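*Asks:* Here are the chains, one letter per residue:
Protein chains: 2
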Amino acid sequence: MKPAIIDHIGIAVKSIPEALEFWEKTLGLECAGVEEVADQKVKTAFLPLKGSAPCSELELLEPTSDDSPIAKFMEKNNGRGGMHHVALRVDDLEAALAELKSKGVRLIDEKPRKGAGGAMIAFIHPAATGGVLLELSQR
Amino acid sequence: MKPAIIDHIGIAVKSIPEALEFWEKTLGLECAGVEEVADQKVKTAFLPLKGSAPCSELELLEPTSDDSPIAKFMEKNNGRGGMHHVALRVDDLEAALAELKSKGVRLIDEKPRKGAGGAMIAFIHPAATGGVLLELSQR
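Protein chains in written order, with numbering that gives the first Met the number 0: chain A, 0 to 138; chain B, 0 to 138.
In short, the hints are calculated from the structure, not lab data.
Given the structure is predicted, the values throughout are model-derived calculations rather than measurements.
Among these hints, one or two may not hold up.
If chains are identical, the list can't say which one is meant, so a pair holds when it fits in one copy or spans any two.
Calculated cross-link-like contacts (lysine-lysine; reagent style BS3-like; alpha-carbon spacing at most 30 Å) [what the hints assert, rightly or not]:
(1) Lys13 <-> Lys49
(2) Lys24 <-> Lys71
(3) Lys1 <-> Lys110
(4) Lys75 <-> Lys49
(5) Lys113 <-> Lys40
(6) Lys1 <-> Lys75
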């Protein structure tokens, strides 16, 4: 396995429209679309950084329920948003997960599951990475 | 201003050699070099994600002193490492800072200063970004 690019960085926010005031209007990025991921109880907004090909994105994550994982993250973070996870893109997610498993790496998702934007994703446990919530993504 | 790419993601770690066990040996990335940034009291290691051009990097940050900003970050984070900042690359950092200042954005660095790898950098205050420590970088 050799992750190819930073697929995206996930940022927990209280409100996507409010967050876009900064990321779009102040900073000059463009929101490519908002999507609800019902089983994670979040709305997501992707902002591609178009200066590289293939490009990386920022992902804003707004909880749609108080028991959303993102709501819980913000609760622990003194009610504030902040950087939530980093996603690296791999060519073959099944093979990557099998390799990590064989190396004894603690996984949150043992099998690929559907993420936002039609990607297949899996999370690695922060205990395995020195405190980083790491996602692997295949598009 | 229109940031072009994710320049890098900064990850606080207790020990770069220990962290490389995961990021290099387990995950398959390659460390492009280790550099000490004396005035920030850190050692940094850059791991380029070579699947895009220009490419983004992971930056591991190991404190070299107990009063390093990275040591303080880990202290607040229950002694653990984790995602510390995200850096977006801009073409003209002086112009970007002037634009942000005119928009009333709270800056940590009002002027560009030297970062690792010969980049000129400046940090924006997390209060302005919804809790993200954001760096702008010009190379």
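*Asks:* Hint by hint, say whether it matches the structure.
*Replies:* For each hint, the structure was consulted:
no.: 1; hint: Lys13 <-> Lys49; verdict: within (25 Å within a copy, 33 Å between copies)
no.: 2; hint: Lys24 <-> Lys71; verdict: within (28 Å within a copy, 32 Å between copies)
no.: 3; hint: Lys1 <-> Lys110; verdict: within (18 Å within a copy, 37 Å between copies)
no.: 4; hint: Lys75 <-> Lys49; verdict: neither (33 Å within a copy, 34 Å between copies)
no.: 5; hint: Lys113 <-> Lys40; verdict: within (14 Å within a copy, 41 Å between copies)
no.: 6; hint: Lys1 <-> Lys75; verdict: neither (33 Å within a copy, 32 Å between copies)
In this structure, the hints that do not hold are numbers 4 and 6, in rising order.
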